[in-house]
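Join these two chains into a complex; the hints should help.
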Amino acid sequence: MIFFVLLLVAMFLALVVQHFIPPLPVIGSRVLLMPIVMFYGALALPTPGMLVLAFCGGIMWDALHVQIIKGNVEIALGWSIVLYATLGALMGGFRPLFQRGRWEIHCLLSGVCTSMIVLSEYLMITFRREPVVFLFNKEIWWRIGGAGLVAVLLSPFFFFTLNYLAFLVGFDTQPARNIKRSR
Amino acid sequence: MSRRLVIPSVLIFIVATGFILFLSPHNMRRVQAGFLGIISPFLKTGSAFDKKYRDFREGLKTLEQLEEENKRLVVSNKEMSATNQTLRGLETENNRLRNALGYRERAVFKLLPARIISRDASTWYNEVIIDRGVADGLKEEGDQAVLTEEGLVGKTTVVSDHSATVVLISDEACRVAASVEGTREQGIVKGERASSGSTPSIGLNFLSKQANLKNGANVYTSGAGGVFPSGVLIGQVKDFKMRELDGHATVVPAVDLTTLEDVFVVVGDNK
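Chains P and S, in that order, are what the protein sequence lines are.
Quick note on the numbering used here: the first sequence kicks off at 1 and runs consecutively.
Quick note on the numbering used here: the second sequence kicks off at 1 and runs consecutively.
Isolated chain S, as found in the complex (with noise of 0.2 Å):
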């Protein structure tokens, strides 16, 4: 019975693959998509049994060591919300006095929060999923960037209805136009093929050879390319080498992207 089934079932195997392997890329996007609306849920459930699970075992704290993280929460809120103030000032005056000079206002971008729910789930590539998708506002098509209070994470690829896969900085596959603060420098950041571990090392190329980076400057997105808004810390230059072409500078980024809990998706300009 078995055997007699073999040479259909291989027939059949043969075409239904085929059929999978020529999809388009819109296509696969959206069998991507459809499935990551799938296992989504699952991936929630499991994510909040961790988070819960974490949680416990961090929380086991004594009294005195509560009341002492609160007393110590309560100074750094009030610290925060004296600076967000003196910051909201400046912001408006630094845009009043940008556009009297002609230049065009910065935008301020709308952010919308999100939570990591699964993390670096493949061999090669680096990339986490977050519990937003279409339904809460994000582009069906992807390409938004994500960030941290800290500085850059990625870019958002696969978007379902309550989910999309954010590809990180640390991926070779992600590239952001960045330019090197106080310096005229701009260059093209990566990341490296099998790179992981709590501080991966991205590569800042394309910069001119006598670039000369002092370590520890500040890499900040250039807004080129329209994906990622300008000014946005990506990490800090850890060393820098003079290759035969060009100069390439290998950079910490900001954000520890092992640790990742929440992040914010750019959603558009806060107008």
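In isolation and in its complexed conformation, chain P is listed as follows (with noise of 0.2 Å):
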């Protein structure tokens, strides 16, 4: 419980953090921070958990990115829970791999699943857009794969600071590892 709690403050710091960091020159993709977070914790946490932190990841982040001018919603508030969420149980489904010991896997995942999320972003805004143009340019391919990529390279350190934290409040996110090596 005390480790769930950490992840949501852990989640609300990054996204303050991550409005502070500018673009990345050239490529311009963003650096998005808490979906790092969000994706460990769908490793380390139990479905139930996975789905509180979706829930309070996706409304933090609609709270605040989702726009609506003159009263018109391009995407509702909400949508990122839902696709938190999906992406949270595919990789739960890497939940056992991960609870061996294999630290590799919240580092891919999380960049496939935060391009995911700049992907899905990007389609819904050339959905609800009039005219409906799909515009996939060398550039919004660099933005939707270079947040992936940052993720990636972001992955390692979050995963072990957070893993250090779960381990200073006593949290075994990858119990199978611990049992291998008694072994």
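In case anyone wonders, no lab produced these hints; they're calculated from the structure.
The reader is advised that the hints may include incorrect statements.
In silico SDA-like cross-links for lysine to any residue, where the CA-CA straight-line distance does not exceed 20 Å [what the hints assert, rightly or not]:
id: 1; chain 1: S; residue 1: K51; chain 2: P; residue 2: Q18
id: 2; chain 1: S; residue 1: K51; chain 2: P; residue 2: V17
id: 3; chain 1: S; residue 1: K190; chain 2: S; residue 2: V252
Here is the structure:
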């Protein structure tokens, strides 16, 4: 429970901090920190915990990013909850591997899922805006892929920091690893 | 224990998410304003640290440099004061003459200074957050023009008690009625998707095909629509091309939207 609250706080702080990180020069992609924490939670926590994390993370994300201009809602508040929960469930499938100590699972899946989030945002905007134009140039692909690449590079730092926090509060995120070692 | 909790937790999750997804736009805006209220103290603190750090880096100057800068600023200040006095006189005279000619006196708007506490945090939207909100006199429903002394910046969207989100003119969703200096051409300015960089291009659409605008022509707000006051500089025409049905010009914003620090919100007429 303490670790769950810590993850929520970490998600909130990551959301604040990513506001002060400018887009990457040349490729223009954003550094998205909050999804990395959220996806760590999806691997470390059981399904109910992951769902609560997806709910809180999604609502925080949408509350800050969804655009409402003159009553026109492009993307409904709450869509990120569904997306985070779906991606979280997908990551949950890799949980047994993660529990056996495979930290690179978080690293790779964070990258893929972060890019999925950015791509989904873009597709929703494309479908909602008139006229519907599928504009997929190099710059747009870089923004989608770049966010994922940054997530891959940063996730080991988050993984070890959050794992250390879990250790401090006595939460074992990778119990199968310990079993293997004790054998 | 955990497995027994899965089905109830999924059910609760579906109900709670469904409830959020079907909120009305008004309630969505309230949720956004509420969260903006929670996060804005953190953004303000972060922004203050960020500014202190940048000031520290930029402020490392020698005494000679500071003296030179001070001299330059004193001269510039005197020049500006003199220009300001002259312009005030001209403004009064202009309004009087307009009145005499039966034109409506041009509104001189009341401006509220604001500081940017967070910028451009999303991938696809061009937005900033300012440190002014309902408590400072902004309208809760938003739609108030934001500008600098150089030109138009955007308009407010979600407004909380002490902060507000501003959608920039470089965003595709921000549309501004505009006119081109020295012509009768009018059109709609809107940003381009995934535009970025210090000078993102914005498009001026729905011009006549015969417009043939010259590069460098100034584009101003026309005032149509009621959100943006008329006569505010938007930018300069970069190029013009004819499309099948209309003319389209690419406009370079007058304001560098990536280095913005201080802006003004138009909060009403200055009467």
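| query | Which of the numbered hints are not met once you compare them with the structure shown? | reply | No numbers; nothing is violated.
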